[in-house]
Amino acid sequence: MTQVSMTVNGKAASGDVEGRTLLSSFLRDQLHLTGTHVGCDTSQCGACVVHVDGQAVKSCTMLAMEADGSEVSTIEGQAGADGSLNVIQQAFQDHHGLQCGFCTPGMVMSAAALLKENPKPSEAEVRAYLEGNICRCTGYHNIVKAIMAASGQDVGAMAAE
Amino acid sequence: MYNFDVVKPERIADAVKELSDSSESQPLGGGQTLIPTLKQRLASPDKLVSLSAIPEMKGVCAGDDGSVCIGGATTHATVAAEASAYPALAATAAHIGDPAVRNRGTIGGSLANNDPSACYPAAALASGATIVTNAREIAADDYFQGMFTTALDEGEIITEVRFPVPEKANYQKFVQPASRFALVGVYVAKYADGVRVAITGASNDGVFRWAEAEAALSANFSADALDGLSLSGDDMISDLHGTGAYRAHLCAVMTKRAVAAAA
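Here the protein sequences come in this chain order: A and B. Under numbering that gives the first Met the number 0, the letters of the first sequence match residues 0 to 160, in that order. Under numbering that gives the first Met the number 0, the letters of the second sequence match residues 0 to 262, in that order.
Isolated chain A (complex conformation) (with noise of 0.2 Å):
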């Protein structure tokens, strides 16, 4: 067992893990941050998306150990600490950009990713950034149309599905 230490939501975390521990098993396992979702297992789904050092990865993929020493975001550290959503959760809310909820923190995290580099997406922008993140709800309309409305942008004349 090593010990690996890393910045989680703004508060340090350490914990003792293995080599083969995921970076997802160390979240919820050992953190207790079970918002991270793991849905495949396999890099395809994307429900377990986190930041490390303000990149989007999904957290199935990745070694704890490799993100020793590094900042990590999760969905829990989006909403204020009052329990306020922020403005993507808001916006899923909003225009119902979820149904069962499964793959949610994966979709905010990467729209949070897509917003923090492009703050004016367009819709074909934001369904290609989404190409790893999968929903078998919705059908993705909501779900573009709630990251389009947190960006700020009018979604009036985009379809309601």
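Incorrect hints may have been included.
[Said to hold, decoys possible] Here are some of the chain B residues that sit facing chain A, going by a computed Cβ distance under 7 Å:
| # | residue |
| --- | --- |
| 1 | D4 |
| 2 | P35 |
| 3 | P98 |
[Said to hold, decoys possible] Now the in silico label distances, taken between C-beta atoms and shown as ranges:
| # | chain 1 | residue 1 | chain 2 | residue 2 | range |
| --- | --- | --- | --- | --- | --- |
| 4 | A | A127 | B | A218 | 34 to 40 Å |
| 5 | B | V174 | A | G82 | 37 to 43 Å |
| 6 | B | A134 | A | K119 | 28 to 34 Å |
| 7 | A | E17 | B | A134 | 57 to 63 Å |
| 8 | A | D15 | B | F220 | 55 to 61 Å |
| 9 | A | G155 | B | V174 | 31 to 37 Å |
| 10 | A | M157 | B | N219 | 54 to 60 Å |
Hints are computed from structural coordinates only; laboratory data are not their basis. Just so it is clear, CB atoms sit at the ideal spot from N, CA and C, and this is done for glycine as well.
With the hints as your guide, set chain B onto chain A.
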């Protein structure tokens, strides 16, 4: 996954030493192929030597001869953002996998793995790139030796890849929609001394050059020059996503599209 040790050296020499210490050690690039492979227990190293903490293996720079040099541990996202001196290469990197995969996956990892459907092998072969390792320089024509097979020796690390910048180039990928790997991908690069065409995703022997298309395009760089040329599907990958004949047909179609789009 079976368990393994992980070490994170900060210098190439230390990584080479770590790899030579144990016969069951393996380099870890971004892990976007290796970690899924380990999960399936298709590999069981007792030590992974992470290459992610070696600054001298990261980044994009201009070589003295005008080439674009990319550190072996440079992620696809960084190549997409910073290889502006070679736009077709940057565009290729920008469409590998998905955004989160591109933030981890590395050029050295992709070339070392030489997946028969990966994008970078086509870019490197069509560009006549030089694969630089801790021990030597290997021409792309000598480097790719068949599906998942390369000229690399055990414990040898790709430290840098040098791409001569072509006059025109383009990569066209026909995406297999579930995996997002290339069902067939064609990279065309036009240099002063001729055109090179490399195809990924199609052959059972991995990435290959299409000599007839290169000759025709070197004489006349237009999609029309490819009329009548075709490849046999007999030795091509045949699976539930497409037969060998289907892939052979796609090779010609995607080559024409790449020529038409080359800039």
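Hints the structure violates: just list their numbers, smallest first. 6, 7, 10
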